[in-house]
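Peer 1: Protein chains in written order, with our numbering: chain A, 3 to 190; chain B, 14 to 208.
It is worth saying that the hints were derived from the structure and are not from the lab. For clarity, every value in this text was computed on a predicted model and none was experimentally measured. Everything hinted at is true.
Which bits of chain B does chain A cover? Going by a derived footprint, with three or more residues having C-beta under 8 Å, they are:
1. 25-38
2. 52-63
3. 69-79
Some chain A residues well away from chain B (every beta-carbon gap over 12 Å; in silico):
4. G61
5. W66
6. S81
The C-beta atom is built at its ideal place from N, Cα and C for all residues, glycine as well.
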Amino acid sequence: MIARAVAGDRTAFAQLVEHYQKACYGLAWRLLRDPDLAADAAQDAFVHAYNAIAKYRGGIFRSWILRITANASYDILRSAKRRPTTALPDADEGESELPDPAAPDPEAESGRAELYRHLDVALRLLPEDQRTAVVLCDVYGMDYGEVAATTVSALGTVKSRIHRGRLRLRALLAEHRELFLDDARLDR
Amino acid sequence: MQHAPHPDDELLSAFAGADRDVAADRGLNEHLAACDRCRGIVDELVVLRSALSELPDVTPSRPLQLLPPVPEARRGDAGGWLRRLVAPVVAAGAGLLLVGAVGSAGLLGQVSIFSAAGAAPNRETSATDGAYVAPAGPDATQSAADLDGKSTDGTLNGGGTPPSPAGPWTLLLIGGAGLMVGGLLLRYSVQPGAG
Numbered sequence: 003m004i005a006r007a008v009a010g011d012r013t014a015f016a017q018l019v020e021h022y023q024k025a026c027y028g029l030a031w032r033l034l035r036d037p038d039l040a041a042d043a044a045q046d047a048f049v050h051a052y053n054a055i056a057k058y059r060g061g062i063f064r065s066w067i068l069r070i071t072a073n074a075s076y077d078i079l080r081s082a083k084r085r086p087t088t089a090l091p092d093a094d095e096g097e098s099e100l101p102d103p104a105a106p107d108p109e110a111e112s113g114r115a116e117l118y119r120h121l122d123v124a125l126r127l128l129p130e131d132q133r134t135a136v137v138l139c140d141v142y143g144m145d146y147g148e149v150a151a152t153t154v155s156a157l158g159t160v161k162s163r164i165h166r167g168r169l170r171l172r173a174l175l176a177e178h179r180e181l182f183l184d185d186a187r188l189d190r
Numbered sequence: 014m015q016h017a018p019h020p021d022d023e024l025l026s027a028f029a030g031a032d033r034d035v036a037a038d039r040g041l042n043e044h045l046a047a048c049d050r051c052r053g054i055v056d057e058l059v060v061l062r063s064a065l066s067e068l069p070d071v072t073p074s075r076p077l078q079l080l081p082p083v084p085e086a087r088r089g090d091a092g093g094w095l096r097r098l099v100a101p102v103v104a105a106g107a108g109l110l111l112v113g114a115v116g117s118a119g120l121l122g123q124v125s126i127f128s129a130a131g132a133a134p135n136r137e138t139s140a141t142d143g144a145y146v147a148p149a150g151p152d153a154t155q156s157a158a159d160l161d162g163k164s165t166d167g168t169l170n171g172g173g174t175p176p177s178p179a180g181p182w183t184l185l186l187i188g189g190a191g192l193m194v195g196g197l198l199l200r201y202s203v204q205p206g207a208g
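Based on the sequences and whatever the hints tell you, model everything.
Peer 2: Quick look at the structure:
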């Protein structure tokens, strides 16, 4: 399907995007913390991906389209900062803004749904630079270099943001430590 | 047992993140092997990273468009070049129509002034049909000569020579209207994608 999309098959491209749209939207939403801005970012990313698909040179397609989404989200983040009228939500807006995860119900029915909810709330409470770095690195698996390129930051700065972000997350989730450790024990 | 000073927590985070530079740090590994406090932080951060990597995808807040619209030029529309002619043709027609209308109006106004003020004493015009009417009376013979733009003594008329009402302005009017009608017919007769 990827090969057909690269060759210009619009139907194949649409199928690919449909498959990854929840991942792309999830990344944009975790970076921007706003459903409408996240939808805008995902939409921009699909257009960029469509225009760049002919240059796709293999590798993991999910990573490729997520990188494009991260760039589109970061562009919106920067332009929102330049134009204060496009207000980003406050970090402490709470859980009411959390969307329902797209994961199938079996996971949601398990105790992990609560774990994921606490994680998303805690991520929203991180300072923007730390949240961006942690989301890109730990949630979406980008390496330091990719995070640095996306956020137009020095490698050392990115590492520091990731490490401080993780430690802050750990502190924010301290009261739910048992939930995490139980989950880890279940994994073993 | 006396521990060496605890390493910076950011270093522990790097270790939990499998940062290659830090993972190979012998001193840090030895410290972690002996320090429950630091080992505990690393373990928690490892669990935290694992949970973060499993965060589920999220359903978009609104339906997203999966494909950008097809640009006009990429449709392979053989009738496209014809349809692209429509706007210029209609615009040219409208322009000609306007020039013709303004010219005709100017001409009529000019003739009306002649008639009203008697500035062209030897001719009159009907505003309705645009035809010159030779005035009755003793000057009738002279008026016929004035229709050629000359006075009886062979000189040009002092009031100027009005052009023929059926002249270029009318042609412009008719031509402009024709172009507009033609352009609109073109617009509705050539369908997108028509070959």
